[in-house]
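Chemist: Residue numbers (UniProt numbering), protein chains in the order written: chain B, 1 to 435; chain F, 1 to 435.
Don't read these hints as lab results, they were simulated from the structure. Each hint should be verified, as a subset may be incorrect.
No distinction is drawn between identical chains; accordingly, a pair holds when it is met within one copy or between any pair of copies.
Derived DSS-like pairs: lysine-lysine, alpha-carbon spacing no greater than 30 Å straight-line [claimed, not checked]:
1) 42 <-> 93
2) 42 <-> 205
3) 145 <-> 42
4) 317 <-> 93
5) 290 <-> 355
6) 145 <-> 355
7) 32 <-> 317
8) 342 <-> 246
9) 32 <-> 93
10) 351 <-> 233
11) 233 <-> 93
12) 32 <-> 381
13) 342 <-> 94
14) 32 <-> 145
15) 381 <-> 93
16) 246 <-> 32
17) 342 <-> 317
Protein chains: 2
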Amino acid sequence: MDSTSATEASFPRIIIVGGGFGGLAAARALSKAPARVLLIDKTNHHVFQPLLYQVATSVLSPEHIAAPIRHVLHRQTNVTVLQATVTGVDVGKKVCLVDGVPLPLPYDYLVLATGVRHSYFGHNEYAEYAPGLKTLTDAVQFRNKILGAFEICERTPTPQDHLELLTFVVVGGGPTGVELAGAIAELARQTLAAEFRRFDPASLKLILVEAGPRILPSFAESLAAAATAKLTKLGVEVRTGAPVEKVDAEGVIVRGERIRTRNVFWAAGVKGSPAAHWLGVEADRAGRAKVLADCSVPAHPEIFVVGDTACLEEGGKPLPGVAQVAIQQGRYVGRLIAGRLKGEPAPPAFKYFDKGNLATVGRNFAVMEAFGIRTAGLFAKLVWAFVHIQFLVLTSSRIGTLFRWSWKLLTRQRLARLIIEPESPRDARSQPVHS
Amino acid sequence: MDSTSATEASFPRIIIVGGGFGGLAAARALSKAPARVLLIDKTNHHVFQPLLYQVATSVLSPEHIAAPIRHVLHRQTNVTVLQATVTGVDVGKKVCLVDGVPLPLPYDYLVLATGVRHSYFGHNEYAEYAPGLKTLTDAVQFRNKILGAFEICERTPTPQDHLELLTFVVVGGGPTGVELAGAIAELARQTLAAEFRRFDPASLKLILVEAGPRILPSFAESLAAAATAKLTKLGVEVRTGAPVEKVDAEGVIVRGERIRTRNVFWAAGVKGSPAAHWLGVEADRAGRAKVLADCSVPAHPEIFVVGDTACLEEGGKPLPGVAQVAIQQGRYVGRLIAGRLKGEPAPPAFKYFDKGNLATVGRNFAVMEAFGIRTAGLFAKLVWAFVHIQFLVLTSSRIGTLFRWSWKLLTRQRLARLIIEPESPRDARSQPVHS
């Protein structure tokens, strides 16, 4: 079905790596450009990362917050989507190396929007015990782990095991950690409370630890205090000034104190994906590629890095790793390339338009800081819900998400409480049967 | 939260193994019985197996066709639900052996509703290459495999690989095989057709093989012919009288002919779970426990086997392995036990009330045989949809499923087209980053 015409075959090649907010925005901004756009992502879907915690805590299904990238872009005929893993870039030869694709893929323009991964601050051995939440796979594994802990408690009669199983530690007091802790508290205390016979799921111990002096450092202090009060009311113990000194099979050591637990979730830090490494350009301490004012990298006006994996300073401070920055940078770079193809003059430097910050705690509370308004409570939660629904890429996801949220609000039911094992036990299939 | 009163502690113990249609129906029929009911299932959810193929082909999400068993039964206070694997039964000591539970669990009454697994007719080595569809895990793996085949084609330029990747063989012409083949055809030819650039997903080759003389042997011959015609129209090649002689890494050998493919799906046969083996009772050729007219096993009036894993003859023919038989037997046995606890006389023998047969092919066609009515086409499809919606256990699943079906009908979109890898690549997390 290669319907490329002779003219199209001469169009410049643009490779976008990553189908997150940044990559998708760049591809869309190129929709009318005379170019052959190739978008490559490791997975087949765009995922709305800010709602991953709702999949992990059984509110939403993976399908609500993720959409097949090729479906999102299928009407845009100048885009080809590949599910594949980029392993490197040869900036001299202008090619991407892609796992499973025999020949390197040439580009005239390259947009890297490869995001971040978790940072364990030099302790990669923590990863095994303290998973983070960046992909649908992570979210489904979290869900299995949280629900599985309750199931084990119900079937094991020994209370000393229960203590470890029912202690949940969330490391990191940013929005992700705060939202996750609140959601686990609600899951246990509201949804699951009446469904177990042999122990009380509401008896769980939930601790949010933050190394810094307070949670939600990107928000005003008054909002952080309101969020802390709300978390405490939901039964979350908030420990600030509490750096994690060790994570192992038995739990965590926080400021000298050993907390025994089998459930540690990591929301403490990120580092840039290998984009800077591929390009051989300077990176900041978090591994993010330092980019120029137009998001290109020094000495390579044809290579751009956007979103979480780029480090761009505005007013002496690096832009935060949030969806809005990625979307705006992606769109900016897409338009810049489209303009350059048309011979237009270069646009002014990228400028971030800050639409504010939101974080939610529990079902009827959020904190919000936007356009000079600071508020905590139900109104902020409504804004939060509205904004998040809006950013889902598919109409069907919006309808589904609205339905799930309404249903949960009315019934406190969480419909996605499934433990789906990644593998069927092979022996169960081949076991001999008496006959 | 063990709120068992002194009276309750003296109630007889009833263990139900399996939370499928049979086990759930038995538990519900015991809702008012003075008994301590323990329902044990390997998974935490009841799954509506007849719709698993719709998860495998990206129409529905796992959450639509599955519900947490403890949620379904949470209002029934005499039931405790355990997610655990039963490994055996000691009929002399009247205990169940359960993996991960240190002490054997005693029962006064035992109901085994453990279902079936796939049968490869003595060739268990086929399982690796020709998975079957019985669990959510199976369905998610099917979905990954089907969608993954298209993704590989899009990124590999060599057409000889495409041939193997784009050939799909479904083994078994019963309702499961027929529905699955029709759904794969629609997925490729309607939903995916416009979304790939380098090859045409509609060019896939789809073969349904059946060893017997025709498909849908449980239906009238005219309906089987109508279904064959519909499948052919959808682009499925139907081969009957075509026994599978071998399945291996390269594909299948069907009646002497080698078909090269990486996608073989097994819908050809089942065998009973080890229930008969656990009990040491006689089993039929498919490994199903032969039961008496009241679903109990010989010499053990306190042990019952229901559903797919039981073999009960009516009019000289064993009852079919369908949901209706399991539901009716489960309910019968639950009521029988409840009656016996009240000292009521034994009920008459179990009698199956046959509500008929349905199978669907594509979006606007089904075949139906019920109450003397035989019909093929849109009307049967509407009945099919109505019946299937009705049997979903949760209201929320019904609403969600109706929405997805309507959406697909209107837009031909399949919303659940996600490839979710079971594991995150560990190295991606611990890989060093340039800084």
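Chemist: List in ascending order the numbers of the hints, as given earlier, that are violated by the structure.
Modeler: Numbers 4, 6, 7, 8, 10, 11, 12, 14, 15, 16, 17, in rising order.
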